[in-house]
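Enquirer: Sequential numbering of the sequence shown, starting at 0, is according to numbering that gives the first Met the number 0.
Only true hints are included.
Only pairs whose alpha carbons sit at most 25 Å apart, straight line, appear in this in silico PhoX-like list of lysine-lysine: (1) K136 with K171; (2) K71 with K136; (3) K102 with K167; (4) K133 with K71; (5) K38 with K71; (6) K167 with K237; (7) K114 with K133; (8) K71 with K171; (9) K136 with K102.
Simulated restraints on C-beta separations: (10) A195 with A68: 37 to 47 Å; (11) R120 with R312: 47 to 57 Å; (12) L116 with D316: 33 to 43 Å; (13) K237 with D359: 30 to 40 Å.
Simulated from the structure, these hints should not be mistaken for laboratory data. Where a beta carbon is used, it is the ideal one built from N, C-alpha and C, also for glycine.
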Amino acid sequence: MKPTDSRHDPGLGRREFLKGAAVTVGTLGLAGPANADNKPRVRQFRELGRTGMKISDISMGTSRTADPAVVKHAFERGINYFDTAESYQDTAAETAVGDALSKHRNDVFIATKVKALPGHRSARLMRNLEDSLKRLKTDHVDVYFNHAVNDVARLQIDEWYEMTQLAKKQGKIRFTGMSGHGGNLIECLDYALDNALVDVILAAYNFGQDPKFYERFTKSFDFVANQQGLPRVLEKAKSKGVGVIAMKTLMGGRLNDLSEYRWPGGSVAQAAFRWTLSSPYVDALIVSMTNAQQVDRYLGASGRAHVAYRQQRVLRDYAERNSATYCRPGCGACAESCPVGVPIADVLRARMYKLDYRDDRLAADSYANLEQGASPCLQCAEPVCQSACPYDLSIRELTRETARILG
0 MKPTDSRHDP GLGRREFLKG AAVTVGTLGL AGPANADNKP RVRQFRELGR TGMKISDISM
60 GTSRTADPAV VKHAFERGIN YFDTAESYQD TAAETAVGDA LSKHRNDVFI ATKVKALPGH
120 RSARLMRNLE DSLKRLKTDH VDVYFNHAVN DVARLQIDEW YEMTQLAKKQ GKIRFTGMSG
180 HGGNLIECLD YALDNALVDV ILAAYNFGQD PKFYERFTKS FDFVANQQGL PRVLEKAKSK
240 GVGVIAMKTL MGGRLNDLSE YRWPGGSVAQ AAFRWTLSSP YVDALIVSMT NAQQVDRYLG
300 ASGRAHVAYR QQRVLRDYAE RNSATYCRPG CGACAESCPV GVPIADVLRA RMYKLDYRDD
360 RLAADSYANL EQGASPCLQC AEPVCQSACP YDLSIRELTR ETARILG
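Work out the full structure: start from the sequences and follow the hints.
Expert: Listed below in structure tokens is the structure:
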């Protein structure tokens, strides 16, 4: 049983939050009220669907860290939901979470992930789970996700449901979910929700995917939102009591943690988080945190679900500047355009890890794990992929750049 003291319920009640979230334009600055110790910390915990869990509105993703000290710092700042996966940092992220939180297991919620693929047997999947539990130094996880789902066939694996149902009975899993950010995200979410397959969803969702965000400035703004159905499916999840956690909320994290977009008392990251948290369909968000200073900066947006017009303008300017190189999660328009099968979106994601995140290891690993790299792009004379991008990205130039720096 997780504690219910004031640290776990310091903010607005659910009804009051929804009233406040309906107002997306406010006059608040990004800096929150001072704490007694003047340290940034979680200011609001939100109910995660029907699970009964109340999790920090800004929670920790561990895809880019294997340092227990960072995880421990996040916990000390009030974060109580930690998202990891067996694949993160080649299992070291799970180990870091276990090392940092094993003595505080009753105070936190831990979620991890595995890629369940057609052909995987339930015994193998159970071993994956048990290996994760050993690294996490716990006897159970609160949410176990089918990781990076972008094909409905991965939601039709009987062995996955056989294993998760058995694991629930054994107390090894409390809730199950799916995560996704590929071009078939909406189709997969609809299938999972319509067939009552998940308790929680983790989906890419940011201001750059919402056409209404741009309409606030000009109806002729040169952006396209390919996931106009995403708010609809998130609303469906909420109506069914399925928990909704957003990821990829920084629209690429350009310029190494958006350092160019900080100002006294705030940052574009905080504005982006506030935009996500203002959605009535989102319970909370996760974001990768790589050091203590980043944890503190990100928590400056905790408890803040209002986005002032000034902050909207900053987000618009960032989106406009980032538009020429940012491959939108969930788009998929270019997926079948390459005649030799270069996975364009995956290649550009590896490029983002290298040049925007400045995470050399994550970029190298992501690129190395591709069945097909971008080397064919170096010799391509007829880039038919170019016309496939609704955002007019210069696909050939970007994939060639990626081949040169990662191939």
